[in-house]
Every structure is written in structure tokens, then in C-alpha cells.
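K.L.:
Here's the letter readout for the chains.
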Amino acid sequence: MRGGGLWQLGQSITRRLSQTDKKSITRRCFASEADLKKTVLYDFHVAHGGKMVPFAGWSMPIQYKDSIMDSTLNCRENGSLFDVSHMCGLSLKGKNSIAFLEKLVIGDIAGLAPGTGTLSVLTNEKGGAIDDTVITKVTDDHIYLVVNAGCRDKDLDHIEGHMKAFKAKGGDVGWHIHDERSLLALQGPLAAPVLQHLTKDDLSKMYFGEFHILDINGAECFLTRTGYTGEDGFEISVPSEHAVDLAKALLEKSEGKIRLTGLGARDSLRLEAGLCLYGNDMEQHVTPIEAGLTWAVGKRRRSEGGFLGADVILKQIADGPAIRRVGFFSSGPPPRGHSEIVDDQGSALGEVTSGGFSPCLKKNIAMGYLKSGSHKAGTKVKIVIRGKSYEGVVTKMPFVPTKYYKPT
Amino acid sequence: MAFRLWASKTSSYLRISVPHRGFASVAKDLKYADSHEWVKVDGTSATIGITDHAQDHLGDIVYVELPEVGAAVKQGSSFGAVESVKATSDINSPVSGKIIDVNAELSSSPGLVNGSPYNDGWIIKVELSDAGEVSNLMDADKYSKFCEEEDSSH
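Chain order of the listed sequences is A and B.
If you count the first sequence from 1, position 302 lands on 302 in the UniProt record's numbering, and the numbers rise without skipping.
If you count the second sequence from 1, position 109 lands on 109 in the UniProt record's numbering, and the numbers rise without skipping.
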């Protein structure tokens with residue numbers, strides 16, 4: 001599957017609107033819904049009006065009673081609470097954990113200060129992205145990372161295979177998959193003041209990318225100041241038996257301003273923030289350099305290499321990649337994944353990988369890949385949608401300024 | 001929800017039946033296709049739009065792709081598309097004929113389809129080529145049941 005892309009998901013829902021072969025569709029839905037995994041917040045979502053849809057093998061809320069437009073705007077104005085427990089958190093432990101992980105990712109993990117993290121990419125031998133992941137160095141012998149739900153099985157297979165080989169050579173590393181925990185994302189300007197009500201730790205001293213293990217609402221949580229919306233905010237890994245209480249407490253402390261928000265608005269928010277959705281904007285055959293994540297290849301890694309696909313990736317850094325991920329504004333209908341991008345003469349330049357109508361900017365935004373040379377901001381292109389060409393222009397990302405909490 | 005409020009306020013004026021369990025509204029004098037478009041027949045011409053149920057499922061509509069006046073439409077075939085924040089959906093014509101008018105207002109105000117699916121949010125007008133086709137469509141009661149069944153099956 002394509003990583004559980006949200007756009008595919010949206011299409012599958014609305015295609016049913018024009019579906020005439022109703023019986024087969026009904027059968028298929030019944031068969032798959034029984035197999036879907038539920039987070040511990042499932043009943044809580046349903047009770048709050050969550051429209052549950054299949055996503056990467058899980059039944060997740062695509063939206064609640066608020067429209068996707070309103071939810072997106074409210075996140076930036078007040079705040080959003082997302083259940084992202086479908087994502088897979090895992091810990092690597094052992095004195096060689098860092099040396100092991102650095103064979104699989106592009107980031108300088110050894111160089112991270114304890115209690116800080118970064119976005120990184122798991123690569124294959126060809127330099128392609130197996131998944132993107134947020135990696136935190138808890139201590140020198142404990143790494144915590146979160147990978148995508150849709151990539152869980154292949155990521156774990158990949159890590160496990162390399163771990164066996166590493167351990168066979170005497171390396172000290174083991175793992176724990178945090179299936180006993182749930183993950184909540186609290187995002188937006190009210191995230192910090194609301195969360196502060198539920199913990200004694202001073203959140204004003206915790207900056208973007210930092211990680212603490214602390215008591216929140218009476219439970220020991222892993223707290224990362226990060227997110228997927230472009231706003232300030234946190235991801236809170238909470239023991240699953242405390243997840244519903246924590247969700248209730250966060251909503252209550254916000255006095256109704258922080259709203260439960262589903263995957264639909266989450267997709268609009270991450271797109272506005274210019275962030276990749278794995279399975280749409282990044283795939284096995286795309287390198288992190290092509291995806292615009294050159295910054296995530298640590299300086300030391302550029303000189304030393306030593307990760308899967310380093311030869312391809314380091315060469316692309318030196319020579320420049322053949323294709324690049326860029327942003328677009330466009331007229332006409334919102335571009336979606338796989339819309340073709342052409343020049344004035346109709347020659348192919350690339351393809352849109354995700355796009356939509358920006359609730360904040362009130363116009364179409366998209367990202368996609370273009371041949372190097374046509375990738376500069378301001379370049380005019382045509383985007384082909386249902387056989388018609390519409391005006392597009394290459395634009396810098398993020399589309400909406402990010403508001404990460406950084407030391408001034 | 002803003003829409004629900006609208007539906008209950010205007011239901012008496014439009015003679016829309018609003019079922020008690022909060023299902024989307026239907027208008028009594030229209031005919032419905034199973035792909036969730038409505039048609040209002042007036043002599044040899046017909047007005048076409050998408051139903052309240054369809055707009056409710058799609059969410060905020062941000063773009064309506066309109067066909068050209070003069071183009072032919074065929075029962076069950078796509079003539080345009082609606083784009084919401086969430087997704088794209090084809091619009092199928094419930095009847096065959098020739099397009100005699102399109103709702104140009106939708107180019108600047110696509111949200112009319114959400115706010116007024118049976119009135120200001122109409123999409124095209126068609127000169128019918130086969131008035132008999134209308135008998136293939138559902139009436140309001142049948143369409144309401146159809147929507148309930150479809151919603152409860154997923």
C-alpha cells in the first residue's frame with residue numbers, strides 16, 4: 001500500500017458517492033472494518049462525533065463535527081488535539097544503539113545532545129527513503145523514535161534484520177516497541193499553556209525538538225516538543241490506560257478552545273507547513289536529497305558516510321539531484337497527487353505528489369517533483385487536471401509560516 | 001453545526017423533510033440518482049445539482065468544475081466535478097440531454113453547494129432528450145432510505 005496516503009483515503013470515501021455497484025462495496029467494507037485496529041481512544045472518538053475511516057490498517061477519525069476547514073483554522077488560532085496512537089514508537093537500548101541506528105539513517109544521532117531529537121530518514125541501499133521518522137536521543141544508550149503506521153511492518157522488519165547482523169558481530173543493542181503506550185499530538189498556540197496546567201515541569205524552558213520524561217496528569221509520559229502542523233506543540237506518549245483521561249483533561253483545561261481534530265485537517269495542516277507525507281511526497285525510490293531534506297544529513301555523516309545508500313546520497317549532495325520537491329500555488333481546481341506538471345509547450349516537467357485547497361490561505365497549494373532547472377521559486381508551470389491545463393507557479397515552502405518554539 | 005441550523009430553519013419554506021435522526025434533508029419534488037445528484041424537471045428542461053447528503057459527505061466545497069453550455073450529457077455519465085478540502089468527486093448527470101445553462105455563480109462561490117444544495121447551489125440546466133429516463137430515478141422517500149442504508153453499511 002502507499003503508506004496509507006490520506007488523499008487516497010479521501011478518494012475512497014467520496015468515490016462511494018458515485019458508486020453504483022453497491023453490493024460489492026458493502027461487502028468489502030465489512031470485511032476490512034472487522035480487521036481494523038482500534039486505538040484506546042476509539043470509543044472516545046465515536047462519542048465525540050468522530051467519522052471513523054480505515055487508515056493504514058487502523059480505524060481513525062478523519063474529522064469530528066467541525067468541518068476540515070474550521071478544524072484547520074482552529075488549530076492555528078487556538079489548538080488541536082490529535083490521536084496519533086496508530087504511529088509506532090520504539091526504543092533502542094544498549095551501549096551501541098547509536099552506532100547501530102546510524103547505519104540505517106542519515107542523521108547525526110551521535111551529535112545530538114541528550115534529550116533532543118530531529119527529523120530523519122531511514123534509507124535503503126539505493127539511497128531511497130524507507131520512511132521518515134523523528135529520532136530522539138534520550139541518553140547515550142537509549143534512542144526513542146516514532147515511525148509511520150503505514151510503514152510499521154516494513155520498518156520493523158528492516159530494523160530487525162540489520163539488528164540481528166549487528167548483534168551477531170557483538171554489538172550491544174536491543175529494542176522495545178511501545179505498544180503499551182498511546183500517542184497524542186497537542187498542537188497550536190494554546191498547546192503549551194494548556195499542557196502547563198497538567199505538569200510541574202516548566203515548559204517555557206523546553207524548546208522545539210527537545211524531549212523529557214515527566215509526569216503529566218499523574219502518568220509518566222514521554223514528551224517531545226514537535227509536531228506535524230507547523231505550529232508549536234507537543235507529542236505526548238502516554239501509558240495507554242491513562243490516554244483517555246489525558247485527552248479529557250487537555251480538552252477541559254483549554255475550556256473548549258482546543259478541539260479534537262482528525263486526519264483530514266492534519267493533512268491540510270502539514271501541507272500548509274510544507275511537510276512530506278510518506279507514501280505521497282516521499283517513497284522508496286525518492287532520496288532525501290530529492291525530497292529537500294539535505295539539511296537532515298548531518299555534517300559528520302556527509303564526510304564519513306556509513307549509512308545505507310550513502311554513495312548515492314553523497315553524490316547527489318555534491319552534484320545536485322535530477323529532480324527536486326517544490327511547492328506550488330495554482331489556479332483552477334486543487335491539484336492532487338499524480339497531476340502532471342508541464343511547461344508552456346506541454347513537455348513533462350514532473351508530477352504533483354499532494355495538494356489541496358489551503359484553508360488558511362484560501363487558495364490552492366501543492367507539492368511535487370520537478371526536473372532540476374525548472375525548480376526555482378517563481379517559475380511558471382502548467383498543472384494538468386482532468387485533461388485541462390491550469391496556471392501554476394513554483395513557490396517556497398512552508399506556505400504558512402511555521403511557529404516552532406525556539407530560544408530567542 | 002451551521003448547516004444543520006440552516007436545514008431546520010429553511011425546511012418549512014422549501015418543504016424539505018428533515019428526518020428525526022439527523023440524516024441529510026431531501027426535497028419532495030425532486031428525483032434522485034444513486035450517485036447522489038438531484039434533478040428537477042420543468043417541462044422539457046431540467047435543473048441538476050448534488051444532494052444535501054452528498055455535500056455533507058464531501059464537506060467544504062472549494063471548487064466546482066463546470067461544463068460548457070451546448071455540451072451533451074448522458075444519464076449516468078460524468079459532466080463535471082466538485083472538489084472539497086478532502087476530496088474530488090465526479091458529478092454524473094441523472095438525465096440525458098443538452099446543457100442550456102450553467103451556474104456561473106459557483107465559480108466565485110462554490111460554497112453555495114454546501115449552503116443551498118437544492119436552490120442557489122444548482123449546477124447545470126439541461127434540455128431533456130428523453131423525458132422517460134426520469135422514471136429510472138428515485139423519489140425522495142426512496143432516496144432517503146437509500147442514504148440511510150448506505151450510511152449504516154459503513
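Keep in mind that the hints were calculated from the coordinates and are not lab data.
Be aware that a few hints might be false.
[Stated by the list, open to error] Derived pair list, reagent style DSBU-like, types lysine-lysine, alpha-carbon separation capped at 35 Å:
hint, chain 1, residue 1, chain 2, residue 2
1, A, K93, B, K142
2, A, K388, B, K40
3, A, K362, B, K125
4, A, K382, B, K125
5, A, K253, B, K125
6, A, K51, B, K98
7, B, K145, A, K65
8, B, K142, A, K51
9, A, K363, B, K142
10, A, K65, B, K98
11, B, K74, A, K362
12, B, K125, A, K406
13, B, K98, A, K388
14, A, K363, B, K74
15, B, K40, A, K37
16, B, K74, A, K382
17, A, K95, B, K145
18, A, K65, B, K142
19, B, K98, A, K382
20, B, K40, A, K51
Keep in mind it's a predicted model, so treat the numbers as computed, not measured.
K.L.:
A separate judgement is required for each hint: does it hold in the structure or not?
P.N.:
Now the hints, each set against the structure:
no.	hint	in the structure
1	A:K93 - B:K142	violated, 61 Å
2	A:K388 - B:K40	holds, 30 Å
3	A:K362 - B:K125	holds, 29 Å
4	A:K382 - B:K125	holds, 31 Å
5	A:K253 - B:K125	violated, 52 Å
6	A:K51 - B:K98	violated, 38 Å
7	B:K145 - A:K65	holds, 23 Å
8	B:K142 - A:K51	holds, 25 Å
9	A:K363 - B:K142	violated, 38 Å
10	A:K65 - B:K98	violated, 39 Å
11	B:K74 - A:K362	holds, 34 Å
12	B:K125 - A:K406	violated, 56 Å
13	B:K98 - A:K388	holds, 22 Å
14	A:K363 - B:K74	holds, 32 Å
15	B:K40 - A:K37	violated, 44 Å
16	B:K74 - A:K382	holds, 30 Å
17	A:K95 - B:K145	violated, 64 Å
18	A:K65 - B:K142	holds, 27 Å
19	B:K98 - A:K382	holds, 31 Å
20	B:K40 - A:K51	holds, 31 Å
The earlier numbered hints that this structure contradicts are 1, 5, 6, 9, 10, 12, 15 and 17.
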